[in-house]
Amino acid sequence: MSLDVVLADDSMRDIVLALTDIHPAGDAFIKPLLRYLSLFAPRKSQMAWGRMVTLIRELEPEMRAAQLTWNGTTYAAPLANWSSAMAYAVDQAHQGKLDLPLKSHGWLRSVMASQIIRAAGRAEEAREAQLRGVSGAGTAEERRAQTGPEGGPIRLDASLPKSKMPQHIREQLKLKPRDPS
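Going left to right, the sequence shown walks through residues 40 to 220 as the numbering used here numbers them.
Watch out, some of these pointers could steer you wrong.
Capping the alpha-carbon separation at 27 Å, the derived lysine-lysine pairs in DSSO-like fashion look like this [what the hints assert, rightly or not]:
{"hint": "1", "residue 1": "Lys203", "residue 2": "Lys213"}
{"hint": "2", "residue 1": "Lys142", "residue 2": "Lys83"}
{"hint": "3", "residue 1": "Lys213", "residue 2": "Lys201"}
{"hint": "4", "residue 1": "Lys83", "residue 2": "Lys136"}
{"hint": "5", "residue 1": "Lys215", "residue 2": "Lys201"}
{"hint": "6", "residue 1": "Lys215", "residue 2": "Lys203"}
None of these hints come from the bench; they were simulated from the model.
Make a model of the complete structure from these sequences and hints.
Given below as structure tokens:
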């Protein structure tokens, strides 16, 4: 459903769209929020402004706290997560995969929780890979193969002439003199 249908009153629609156009978060957050709210609109009539306010107020505490609580677990959820999940909900509705009109924010919250859990899993896999010595681009050998001459040394020459350790360092380390034989 388009914003024009949800915001059927011409002057109110113009006000809301003007505000979203001038606000930095207009395209990134406000329009996805309004499109998501359109999924709650009754099939045969326009949504009441009071209903839209109620729906926004239901999400407001979590959005302000940048958190999501789902099934007793609280997740970090910045506005970008909310916006992404709302856009996903609208896409799913356009594909006919949602039973409209929505009755609650439960579907949105479940999708967000699963997205956050998957992202945390990917981050954990990356940390574990890093601990194993794999840093983003595969194994050390794969990274060496990808590095060109401008990327740093390809091979180190360890055949430099060796010099004798100074005596004062040997004494500090309590090393015995080296046998010259």
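Outcome of the hint check:
At most 27 Å may separate the alpha-carbon atoms for a hinted pair to count; lysine 203 and lysine 213 meet this at roughly 15 Å. Between the alpha carbons of lysine 142 and lysine 83 the distance comes to roughly 16 Å, so the proposed pair stays at or under 27 Å and holds. A distance of roughly 20 Å separates the Cα atoms of lysine 213 and lysine 201; the hinted pair therefore holds under the 27 Å criterion. The hinted pair formed by lysine 83 and lysine 136 meets the criterion: a straight-line CA distance of about 20 Å does not exceed 27 Å.
Taking the CA atoms of lysine 215 and lysine 201, the gap is near 18 Å; set against the 27 Å cutoff, the hint holds. Note on lysine 215 and lysine 203: the hinted pairing holds, with a Cα-Cα distance of about 13 Å set against a maximum of 27 Å.
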